[in-house]
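*Asks:* Top to bottom, those sequences are chains A and B.
Sequential numbering of the first sequence, starting at 4, is according to the working numbering.
Sequential numbering of the second sequence, starting at 4, is according to the working numbering.
The hints are simulated quantities; they were obtained by calculation from the structure and are not laboratory data.
These figures come from a predicted structure and were not determined experimentally.
When chains are identical, the list treats them as one kind, so a pair holds in a single copy or across two.
Mimicking DMTMM-like on lysine to aspartate or glutamate, the simulated pairs with C-alpha atoms at most 20 angstroms apart in a straight line are:
1) K176 <-> D296
2) K215 <-> E233
3) K203 <-> D155
4) K287 <-> D364
5) K284 <-> E273
6) K284 <-> D343
7) K399 <-> D327
8) K137 <-> E201
9) K14 <-> D339
Residue-level listing of the chains:
Number of protein chains: 2
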Amino acid sequence: MDILRLHFSVKNSLFQDIIPFWIKNGLDKKNGGIFTCLDRKGEIYSYDKSVWMQGRTAYIFYTLCLQYGIDPYWKEMADSCICFLDKYCIDDSDGRMYFTVTAEGKPLRKRRYIFSESFYTIAHARRYSVTGDKSSLEKARNYYNLMLKIYDNPESDPFKITPKFISSTRETKSLAYPMILLNVTYIMAESDKENESEYKDIAKRLIRDIRKFRHEETGLMLENLLSNDEHFFESATGRIVNPGHSIELSWFLADSAVWLEDPNLLLEAEDIFWKAYNFGKDEKYGGILYFKDLFLKPVEAYEHDMKLWWVHTEALTAAIKFYDYTKKDTYLELFDEVYDYSNKNFADTEYGEWFGYLRRDGLPTEPPCKGHTYKGPFHLIRMLSESERILSKLIKKPFNCDNY
Amino acid sequence: MDILRLHFSVKNSLFQDIIPFWIKNGLDKKNGGIFTCLDRKGEIYSYDKSVWMQGRTAYIFYTLCLQYGIDPYWKEMADSCICFLDKYCIDDSDGRMYFTVTAEGKPLRKRRYIFSESFYTIAHARRYSVTGDKSSLEKARNYYNLMLKIYDNPESDPFKITPKFISSTRETKSLAYPMILLNVTYIMAESDKENESEYKDIAKRLIRDIRKFRHEETGLMLENLLSNDEHFFESATGRIVNPGHSIELSWFLADSAVWLEDPNLLLEAEDIFWKAYNFGKDEKYGGILYFKDLFLKPVEAYEHDMKLWWVHTEALTAAIKFYDYTKKDTYLELFDEVYDYSNKNFADTEYGEWFGYLRRDGLPTEPPCKGHTYKGPFHLIRMLSESERILSKLIKKPFNCDNY
Numbered sequence: 004m005d006i007l008r009l010h011f012s013v014k015n016s017l018f019q020d021i022i023p024f025w026i027k028n029g030l031d032k033k034n035g036g037i038f039t040c041l042d043r044k045g046e047i048y049s050y051d052k053s054v055w056m057q058g059r060t061a062y063i064f065y066t067l068c069l070q071y072g073i074d075p076y077w078k079e080m081a082d083s084c085i086c087f088l089d090k091y092c093i094d095d096s097d098g099r100m101y102f103t104v105t106a107e108g109k110p111l112r113k114r115r116y117i118f119s120e121s122f123y124t125i126a127h128a129r130r131y132s133v134t135g136d137k138s139s140l141e142k143a144r145n146y147y148n149l150m151l152k153i154y155d156n157p158e159s160d161p162f163k164i165t166p167k168f169i170s171s172t173r174e175t176k177s178l179a180y181p182m183i184l185l186n187v188t189y190i191m192a193e194s195d196k197e198n199e200s201e202y203k204d205i206a207k208r209l210i211r212d213i214r215k216f217r218h219e220e221t222g223l224m225l226e227n228l229l230s231n232d233e234h235f236f237e238s239a240t241g242r243i244v245n246p247g248h249s250i251e252l253s254w255f256l257a258d259s260a261v262w263l264e265d266p267n268l269l270l271e272a273e274d275i276f277w278k279a280y281n282f283g284k285d286e287k288y289g290g291i292l293y294f295k296d297l298f299l300k301p302v303e304a305y306e307h308d309m310k311l312w313w314v315h316t317e318a319l320t321a322a323i324k325f326y327d328y329t330k331k332d333t334y335l336e337l338f339d340e341v342y343d344y345s346n347k348n349f350a351d352t353e354y355g356e357w358f359g360y361l362r363r364d365g366l367p368t369e370p371p372c373k374g375h376t377y378k379g380p381f382h383l384i385r386m387l388s389e390s391e392r393i394l395s396k397l398i399k400k401p402f403n404c405d406n407y
Numbered sequence: 004m005d006i007l008r009l010h011f012s013v014k015n016s017l018f019q020d021i022i023p024f025w026i027k028n029g030l031d032k033k034n035g036g037i038f039t040c041l042d043r044k045g046e047i048y049s050y051d052k053s054v055w056m057q058g059r060t061a062y063i064f065y066t067l068c069l070q071y072g073i074d075p076y077w078k079e080m081a082d083s084c085i086c087f088l089d090k091y092c093i094d095d096s097d098g099r100m101y102f103t104v105t106a107e108g109k110p111l112r113k114r115r116y117i118f119s120e121s122f123y124t125i126a127h128a129r130r131y132s133v134t135g136d137k138s139s140l141e142k143a144r145n146y147y148n149l150m151l152k153i154y155d156n157p158e159s160d161p162f163k164i165t166p167k168f169i170s171s172t173r174e175t176k177s178l179a180y181p182m183i184l185l186n187v188t189y190i191m192a193e194s195d196k197e198n199e200s201e202y203k204d205i206a207k208r209l210i211r212d213i214r215k216f217r218h219e220e221t222g223l224m225l226e227n228l229l230s231n232d233e234h235f236f237e238s239a240t241g242r243i244v245n246p247g248h249s250i251e252l253s254w255f256l257a258d259s260a261v262w263l264e265d266p267n268l269l270l271e272a273e274d275i276f277w278k279a280y281n282f283g284k285d286e287k288y289g290g291i292l293y294f295k296d297l298f299l300k301p302v303e304a305y306e307h308d309m310k311l312w313w314v315h316t317e318a319l320t321a322a323i324k325f326y327d328y329t330k331k332d333t334y335l336e337l338f339d340e341v342y343d344y345s346n347k348n349f350a351d352t353e354y355g356e357w358f359g360y361l362r363r364d365g366l367p368t369e370p371p372c373k374g375h376t377y378k379g380p381f382h383l384i385r386m387l388s389e390s391e392r393i394l395s396k397l398i399k400k401p402f403n404c405d406n407y
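This is chain A alone, in the form it adopts within the complex (with noise of 0.2 angstroms):
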């Protein structure tokens, strides 16, 4: 494998197409933050904005501030989406945010879900890391609190919206929260260093509940589990396999076993990569699958064997993060290989960008996008900056003759 040439093309696809591609389409000027509805050619298809994409947006800008150095493009683009935020998706009636607001910022949507908060929360976590600004950090720490406020007492939420399910028939819980949780308690332990330990506690406990959702028998992670922490198995819902979802979650825990300094964590972490990974893997048409069944049975959505951007990305992103971590080469190679299928598949070499949907046969669906209420300038900048930031602690060697 030729390091170079890969680092070459990591580094070249980050800062010369995919954050040009958002800065110049999706910045709104007018009223702030960004829009991320955008079509092939990077023009807006929907001015309605997406709540987490302003959050997540804000995160990664001021993420590359923080690795990169402060770039003023970059900067903008942050405080544009955070300054969004704060004018307009937090509910002022009950703290919640929302998921939807117009381009001017009027809410046109608030759902139960505590992920607008959550992107919120890390988005001004960074801020302060970047600015040293004492009033971010406040707001992290108050969402982020308010998050797990939530996850542990469902009832103190302070939305009061009807319940979803009839929970007296079947009460569930979701895999998504204690790894979301997981990842933004990892990103404020690295902004507010002195309340570390604290962080260090929630994060071993999150990981315990996250374990729950291990199917034993596979190693597979469930999406859902009832309550009582039992599998639902006569019910499609209680065996859906997200092989993406747990290829993220298993990075998040390989970070955290780092951090954690826990070695069998660490390979706790491989495992659950290896077993989604070899059960997303489409062997037919090549890619990871969106949706599987645990036991192979059919998958209620209908979308079930698309090809999804941010799947590979977080296949891209684990490969990248356990190489770095255990220096094995077989991550490098399935790194190379996926990044080999994205290049080809996902990566628009007219237009720029990624597209977001793939058929199964890796075709994007048409008309395509490069942009959506869930796809913005995140999963694909996270992995980029990440490998590119690994990759070159591998080409810094020093220059030796017997090379060339």
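Model the placement of chain B on the given structure of chain A, informed by the hints.
*Replies:* Frame of chain A, contents of chain B only:
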């Protein structure tokens, strides 16, 4: 075209394949009702029951009894589903119905929409036509009136669920409501003949409401509209066209046109049909696409360029009904063409019935399913029984040796 062979194929599919598939695999002899989450072979992959499907199944099997005479297996299926609905699927606290329940009938989810109620209503209306039992007519009338009341005044809804959208920013309405109510009104009028003139007035009002969803320049039906009847094109939501839904609407309107003796409405229905069909037709792979954007921009639903079974049954139902109402050969030719595509792509020659969900290229998603929370013995049987009825009129010509 060989009408005799076409009729034979339709009749054979209806009686030898589709009906037996559901009676054999779906009927829950223990708890009553029907399981519709069936895999390729007809095995149950999820024991959660869809309330929509209990109502639709009862409706369709009573309809078969009405059309072909009472068959004890059909009546058992219909009776079992309607009893399951009455016993388990109504929330006694407010009279609204659930969306999903367990195998035993314990409530899992209750949604805001009135579709469970709509299928319950038509099931009882048909049961009254088959059995003459006045209590069914009364139930149908009660739920019909409840739906109309909620449609006319959403605040009168006894189910006080948190609104999905923040209406102070953008208050929208959906084509699905007046459309389903029009079909239910038509079926109510067939059963409740003494109140026919009342139903006619309501149908005329609903047709006026439906017309507001039409986009003047293209003649296409939009799925969503602002409450003040204006379009909203700045959001992708305001531009969604669902060709299959528009095609289904076109034959609801055609039925009404004949019923209301309104030849202009029939012309309008034909125009809606052709505009939707030509817009949805996939010139590249054949079949009809699921969602399209009015201005051909990207559609947010990942599955937008998939092929769904019901879109194709509705095109077939529309084609055969328009043929019946207009005697234009072009509809018979179109029926033949779409039936051929469907038999080549949706029909499973190995295990019977139709695959529910195909990728754009016409191959089923894998693992494929025959049933689903949204797919049961309804669209396909409705299409086949209507086609059988109409085609049989064409072959019942006097015997004539000149033809041989």
